[in-house]
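Engineer: This is what each chain is made of:
2 protein chains.
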Amino acid sequence: MDLRFNSPLLESAVAELSKLPGIGSKTALRLALHLLRQEKNVAHALGESIIRMRDEISYCSRCHNISEEKVCPICSNPRRDSKTICVVENVKDVLTIETTHAHNGLSHVLGGLISPLDGISPSDIEIDSLIRRVEEEKTEEIILALSPTMEGDTTNFYIYRKLAHHPVQISLLARGLSIGNELEYTDELTLGRSIENRVPFNATVKQ
Amino acid sequence: MDLRFNSPLLESAVAELSKLPGIGSKTALRLALHLLRQEKNVAHALGESIIRMRDEISYCSRCHNISEEKVCPICSNPRRDSKTICVVENVKDVLTIETTHAHNGLSHVLGGLISPLDGISPSDIEIDSLIRRVEEEKTEEIILALSPTMEGDTTNFYIYRKLAHHPVQISLLARGLSIGNELEYTDELTLGRSIENRVPFNATVKQ
Numbered sequence: 001m002d003l004r005f006n007s008p009l010l011e012s013a014v015a016e017l018s019k020l021p022g023i024g025s026k027t028a029l030r031l032a033l034h035l036l037r038q039e040k041n042v043a044h045a046l047g048e049s050i051i052r053m054r055d056e057i058s059y060c061s062r063c064h065n066i067s068e069e070k071v072c073p074i075c076s077n078p079r080r081d082s083k084t085i086c087v088v089e090n091v092k093d094v095l096t097i098e099t100t101h102a103h104n105g106l107s108h109v110l111g112g113l114i115s116p117l118d119g120i121s122p123s124d125i126e127i128d129s130l131i132r133r134v135e136e137e138k139t140e141e142i143i144l145a146l147s148p149t150m151e152g153d154t155t156n157f158y159i160y161r162k163l164a165h166h167p168v169q170i171s172l173l174a175r176g177l178s179i180g181n182e183l184e185y186t187d188e189l190t191l192g193r194s195i196e197n198r199v200p201f202n203a204t205v206k207q
Numbered sequence: 001m002d003l004r005f006n007s008p009l010l011e012s013a014v015a016e017l018s019k020l021p022g023i024g025s026k027t028a029l030r031l032a033l034h035l036l037r038q039e040k041n042v043a044h045a046l047g048e049s050i051i052r053m054r055d056e057i058s059y060c061s062r063c064h065n066i067s068e069e070k071v072c073p074i075c076s077n078p079r080r081d082s083k084t085i086c087v088v089e090n091v092k093d094v095l096t097i098e099t100t101h102a103h104n105g106l107s108h109v110l111g112g113l114i115s116p117l118d119g120i121s122p123s124d125i126e127i128d129s130l131i132r133r134v135e136e137e138k139t140e141e142i143i144l145a146l147s148p149t150m151e152g153d154t155t156n157f158y159i160y161r162k163l164a165h166h167p168v169q170i171s172l173l174a175r176g177l178s179i180g181n182e183l184e185y186t187d188e189l190t191l192g193r194s195i196e197n198r199v200p201f202n203a204t205v206k207q
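Protein sequence lines, in the order shown, are assigned to chains A and B.
When we follow my numbering, the leftmost residue of the first sequence carries the number 1, and every step to the right adds one.
When we follow my numbering, the leftmost residue of the second sequence carries the number 1, and every step to the right adds one.
So that you can see chain A by itself, here it is in the shape it has in the complex:
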């Protein structure tokens, strides 16, 4: 081991910190020296929370969201509308959807998007389990909340075809102008789509 820091322990902490995404070796050194200046319990709380989180969090057997129980708090909440499933790419998207408070149904985390270029086929992500859920749970609506990218559109279309013979309603998140954005800075694809999908003006509608 290179004794650049005169301390293998510091070296090792810097090496581990710089494995985190977006943390280079200079930032890692700054973080390590910061932790060295703090009380011992600060480093213990950080280190132990990381280890416990990784050891004890697993995934909900129903929706594949992170969960400390076999079934996550969203799936086991009786006040949520179990007939509507919002399909998202990853765990972070569940959190993002939850912060809007606009969806009171359940979720389904695919764990990725179909991407032939990256070698991700439909069997690599949780599509089969989604189809099974729709059948078993008698789902009335699924909301496709994937990113409006080629991979997202491909995945949307694949799910749409798989469910063609089911009575479930399939919805897509609206695409249009971002609220608060200037018209001139909106890209032409989004603007074009928002003209095609224009809605009747209604003073009572939420802008």
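Derived by calculation from the structure, the hints in this document are not laboratory data.
Possibly wrong hints are sitting among the right ones.
When chains are identical, the list treats them as one kind, so a pair holds in a single copy or across two.
To be verified - Simulated pairs of lysine to aspartate or glutamate, EDC-like, Cα-Cα distance not exceeding 20 angstroms:
1. K162 with D128
2. K19 with E48
3. K70 with E11
4. K162 with D124
5. K40 with D55
6. K40 with E196
7. K40 with E182
8. K138 with D128
9. K92 with D55
10. K19 with D187
11. K70 with D118
All of these numbers come straight from a predicted model, not from anything done at the bench.
Given chain A's structure and the hints, the job is docking chain B onto it.
Structural biologist: Structure of chain B alone, referenced to chain A:
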């Protein structure tokens, strides 16, 4: 605890990560979700290296640099020139000086700079122990390598006065143009100082 993430364990890891300097709650969440996607040993290596570093690294009793032993590897290295001490503000500055390979003497970490505005007086930093070292170790030269700021200059002057009656030579890092920088972007104070301290041109001198 707010169950924003449906998981107190994730919540806790995000809270601890966002205590790190420059890491906001969004970045902390991204880091935590990244760790959740990695193998368990990645989170264990990170968590344990942070805890071990904080528990086992202490400070060299001689120069106050970080050290895993009572005396750090720089102080205990017999090939280093023990008659020259480079005085720096903090541990990171020792690492920075070491990377230049231009100093083969010892170090002395003050742990701060005199700053009446921040309530840091000479007795709050390791100046007395520096004076004692100079007396006991029969130091021949101390190199003041503090930042060229008001606090650095104040500290330099304080140390200079404290050592006025010692035969030790006191040097200051050269101030002048940064190598590779355009003259027009050099600030006028630095440029002025580099004119005052101009050196005879010598084709063999390191530029």
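Engineer: Does each hint hold? Answer for all of them.
Structural biologist: Results for each hint:
1. K162 with D128: within (9 angstroms within a copy, 78 angstroms between copies)
2. K19 with E48: Intra 18 angstroms, inter 14 angstroms, cutoff 20 angstroms: intra and inter.
3. K70 with E11: between (39 angstroms within a copy, 18 angstroms between copies)
4. K162 with D124: Within one copy only: 16 angstroms inside a chain, 71 angstroms across chains, cut-off 20 angstroms.
5. K40 with D55: between (22 angstroms within a copy, 7 angstroms between copies)
6. K40 with E196: neither (60 angstroms within a copy, 48 angstroms between copies)
7. K40 with E182: neither (49 angstroms within a copy, 45 angstroms between copies)
8. K138 with D128: within (15 angstroms within a copy, 78 angstroms between copies)
9. K92 with D55: within (19 angstroms within a copy, 34 angstroms between copies)
10. K19 with D187: neither (35 angstroms within a copy, 37 angstroms between copies)
11. K70 with D118: neither (31 angstroms within a copy, 53 angstroms between copies)
Figure legend: structure checked against the earlier numbered hints; hints not met, in rising order: 6, 7, 10, 11.
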